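Going line by line, the protein sequences match chains A and B. When the letters of the first sequence are read in order and numbered with the working numbering, they come out as residues 1 to 343. When the letters of the second sequence are read in order and numbered with the working numbering, they come out as residues 1 to 162.
Just to be clear, a hint being listed does not mean it is correct.
What the hints assert, rightly or not - List of simulated lysine-lysine pairs, DSS-like, C-alpha gap at most 30 Å: (1) B:K23 x A:K320; (2) A:K320 x B:K130; (3) B:K143 x B:K155; (4) A:K66 x A:K140; (5) B:K130 x B:K106; (6) A:K320 x B:K16.
For the record, the hints were derived by calculation from the structure and aren't laboratory data. Owing to the predicted nature of the structure, the values given are computational and were not obtained by experimental measurement.
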Amino acid sequence: MSTFSPGWTMAIEWMIIGITLILFAAISVIILVYVERKVAAFFQLRIGPNRVGPYGIFQTVADFIKLLMKEHITSKKADKFLFNLAPFIIVTAAFLGIGAIPFALGLHVFDINIGVFYLTAVSSVGVLGILLGGWAGNNKYSLIGALRSGAQIVSYELSITLSILTIVVLVGSLQLSEIIASQETGWWIIRGHLPAWIAFVIFLIAGTAETNRGPFDLAEAESELTAGFHTEYSGIKFAMFFLAEYLSLFIIASVGATVFLGGWLPFHIGTWAAFNNIMDYIPSIIWFFGKVAGLIGIIMWFKWTFPRLRIDQLLVLEWKYLLPINLVNLLLVSFIALMGWYF
Amino acid sequence: MNAIVKYFSGIAHGLKTLATGMKITGYYFSHARKEIITQQYPENRDELQMFDRFRGIVEMPHDENNEHACTGCQACEVACPNGSIEILWERIVNPETGKKKKTIDKHVYHFSMCTLCNLCIIACPTDAIKMGQNFEYSVFDRKQLTYVLNKPGSKVRDDVED
Chain A
1 MSTFSPGWTM AIEWMIIGIT LILFAAISVI ILVYVERKVA AFFQLRIGPN
51 RVGPYGIFQT VADFIKLLMK EHITSKKADK FLFNLAPFII VTAAFLGIGA
101 IPFALGLHVF DINIGVFYLT AVSSVGVLGI LLGGWAGNNK YSLIGALRSG
151 AQIVSYELSI TLSILTIVVL VGSLQLSEII ASQETGWWII RGHLPAWIAF
201 VIFLIAGTAE TNRGPFDLAE AESELTAGFH TEYSGIKFAM FFLAEYLSLF
251 IIASVGATVF LGGWLPFHIG TWAAFNNIMD YIPSIIWFFG KVAGLIGIIM
301 WFKWTFPRLR IDQLLVLEWK YLLPINLVNL LLVSFIALMG WYF
Chain B
1 MNAIVKYFSG IAHGLKTLAT GMKITGYYFS HARKEIITQQ YPENRDELQM
51 FDRFRGIVEM PHDENNEHAC TGCQACEVAC PNGSIEILWE RIVNPETGKK
101 KKTIDKHVYH FSMCTLCNLC IIACPTDAIK MGQNFEYSVF DRKQLTYVLN
151 KPGSKVRDDV ED
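Using the sequences plus the hints, can you model the full thing?
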């Protein structure tokens, strides 16, 4: 018993990490759903949940307990295997993404040298779950929602990747830890001048579309398609789609915070030693989650302000505006990086 | 050249309008504590104020001498499209002058038939009845929905003319 074999040690270590991530994901989703409902209420001058617990903080806990206890319904003509597989695919994709995010100094599950590439690749696996769920349910609403989502993700995946590439050009590395290390002297959004700002705005728009949130929630489109691709799901399977949606929101915000806002690095102003020292005292995990919370707040602001786009407007926005601007922006930033004009 | 100008001005216009929208919702969000319009109904029952033009159940205001302004002219009864007002009246002889005067005995109001249309209030020549502010109407028996608007022992105010 005194020594585990290296294989077992590895296995136990990965298990602990996995359980930690699952717990973290579940808790953060419960918090995010509560925050979303409260924020939505404030944007619409309502009060929001306020009956279960003080300020309604146990509302989402109660909701999740209700969801877990509901009946699993699979319709008769559904493709049973794919129908039950789809929620797992979408949740797995979200979990794969969360593993690669640097939460704080040293709190990083796996730091591969193609971190950015990995994240963008993994986040597009989620659409497979949406497509399968929409197809297998044998429901026309689901199918329309799923196909809309397919068109949407294929389009916006380009924008999100190109806007991250803008910063990757400046860093010269795809590794997330190196992207953070390169921002030691200043966040890219400050150092990268106008191109970084354009890339940041495009990232926010495309990220909102990537997570299927309003104003880009065509896949769900409550007023047209009841619930879009997850119309046929009930109980815990629906909860898994819900979980994945909020996890991907968290992942998008984390990627944005890491790439544009310096990840867990504190905010420094040039040579103000005293100010910088005070900022250093705030733990890195608070910096990270503060930035993520800010970005999530902006994305929620979008959702509760703008009306939903039509499918043709969605594609026009991507192919006629975001993509050409992004390509020109990438060219511009390459030139800046070549001449060393960023500071 | 014209198309290029149109393209970029379109982007600028789009961003501007989006920013306008976000400014409005951002104002709501930052002032949410003060401007929330949702009422916490059962809790604020004591201080809840209905708005001025709210049309609640019809009531007849009485002054401190238990006097009202209803002369029993039955204009409200005629005006009511549903027949929910029924006035029981009699002629009472004034002992001083010896003149007969029409006086209401009971102003019966069947709330179960009332649509709160306001026509009786418009018809009333002496403003004896008005739309009340109460909105809690539930009762356990429909007999309880028949109200008598004038209080027992009340009489018409002296300065009110037919």
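Verification of the supplied hints:
Of the supplied pair hints, the one linking K23 of chain B and K320 of chain A holds, its CA atoms being roughly 26 Å apart against a limit of 30 Å. Among the hinted pairs, K320 of chain A with K130 of chain B is inconsistent with the structure: their alpha-carbon atoms are about 62 Å apart, more than 30 Å. The suggested pairing of K143 of chain B with K155 of chain B holds, with an alpha-carbon distance near 26 Å, which does not exceed 30 Å. Between the alpha carbons of K66 of chain A and K140 of chain A the distance comes to roughly 27 Å, so the proposed pair stays at or under 30 Å and holds.
Distance restraint check for K130 of chain B and K106 of chain B: the Cα-Cα separation of roughly 17 Å lies within the 30 Å cut-off, and the hinted pair is therefore satisfied. Taking the CA atoms of K320 of chain A and K16 of chain B, the gap is about 19 Å. The hint holds against a cut of 30 Å.
In summary, the structure is inconsistent with hint 2 from the numbered list given earlier, while agreeing with all the others.
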